[in-house]
Amino acid sequence: QVQLQQSGAELVKPGSSVKISCKASGYTFTSYDMHWIKQQPGNGLEWIGWIYPGNGNTKYNQKFNGKATLTADKSSSTAYMQLSSLTSEDSAVYFCARESITPYFDYWGQGVMVTVSS
Amino acid sequence: DIQMTQSPASLSASLEEIVTITCQASQDIGNWLAWYQQKPGKSPQLLIHSATSLADGIPSRFSGSRSGTQYSLKISRLQVEDTGIYYCLQRYSNPPTFGGGTKLELK
Chain D
59 QVQLQQSGAE LVKPGSSVKI SCKASGYTFT SYDMHWIKQQ PGNGLEWIGW IYPGNGNTKY
119 NQKFNGKATL TADKSSSTAY MQLSSLTSED SAVYFCARES ITPYFDYWGQ GVMVTVSS
Chain S
722 DIQMTQSPAS LSASLEEIVT ITCQASQDIG NWLAWYQQKP GKSPQLLIHS ATSLADGIPS
782 RFSGSRSGTQ YSLKISRLQV EDTGIYYCLQ RYSNPPTFGG GTKLELK
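The listed protein sequences correspond, in order, to chains D and S. Residue numbering for the first sequence follows this note's numbering, beginning at 59 and increasing consecutively. Residue numbering for the second sequence follows this note's numbering, beginning at 722 and increasing consecutively.
Simulated from the structure, these hints should not be mistaken for laboratory data. Backbone N, C-alpha and C fix where the C-beta goes; we use that ideal spot for every residue, glycine too.
Capping the alpha-carbon separation at 20 angstroms, the derived lysine to any residue pairs in SDA-like fashion look like this: (1) K81/D / D91/D; (2) K77/D / V170/D; (3) K763/S / S149/D; (4) K763/S / N101/D; (5) K121/D / P816/S; (6) K121/D / G821/S; (7) K824/S / P99/D; (8) K760/S / V151/D; (9) K121/D / I723/S; (10) K763/S / E104/D; (11) K81/D / K763/S.
Selected chain D positions facing chain S (Cβ under 8 angstroms, derived; list incomplete): (12) W105; (13) Q168; (14) G169.
So here's chain D without its partners, still in its complex pose (with noise of 0.2 angstroms):
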């Protein structure tokens, strides 16, 4: 069964940089893309962009822009956000979600709570 595991919860500085990670099982992990999604507390859902682990081409929403970088390992069919230059603004639940061929996000991985706090 197709199944998205997140890396555990981070406590980081301000000004710092976060790597959280999503370790695919239960499908080709190279043909499916595979998109990042910000939820901060009580609020909505923000799309942050995607990756294409098959070749490594991602997409991101202008905001994200300098924000976040998305990479992938085929070898150990895991995806990658780094978030960078942290502020308060980007504590949040970070999800990583498999985008179907319907072309919706089908799967989802339980998500990462990033807090930025001195």
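Fit chain S to the given chain D structure using the hints.
Just chain S, lined up with the frame of chain D:
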């Protein structure tokens, strides 16, 4: 960016009641719309895709419809397990955008 205006923001309904949630797109998005349910502390679950198609494993009491640029999610007979926050998502153009969410509670 396409704006998705979702209403109501919150809703309280009784068991077995019919519930309808709507999303208004700021421009034509065709049938490129999905509905998700999110429970506290969990990731969103796909309910409906392509405006009207039921996702795998979703009960038939959930249905989606479209009238122009207005999209609706209907729960025909509300059950206890249907509480949560519902979101619409447009995939007509980048960036994909979500509605603001509707919090559904039991009365």
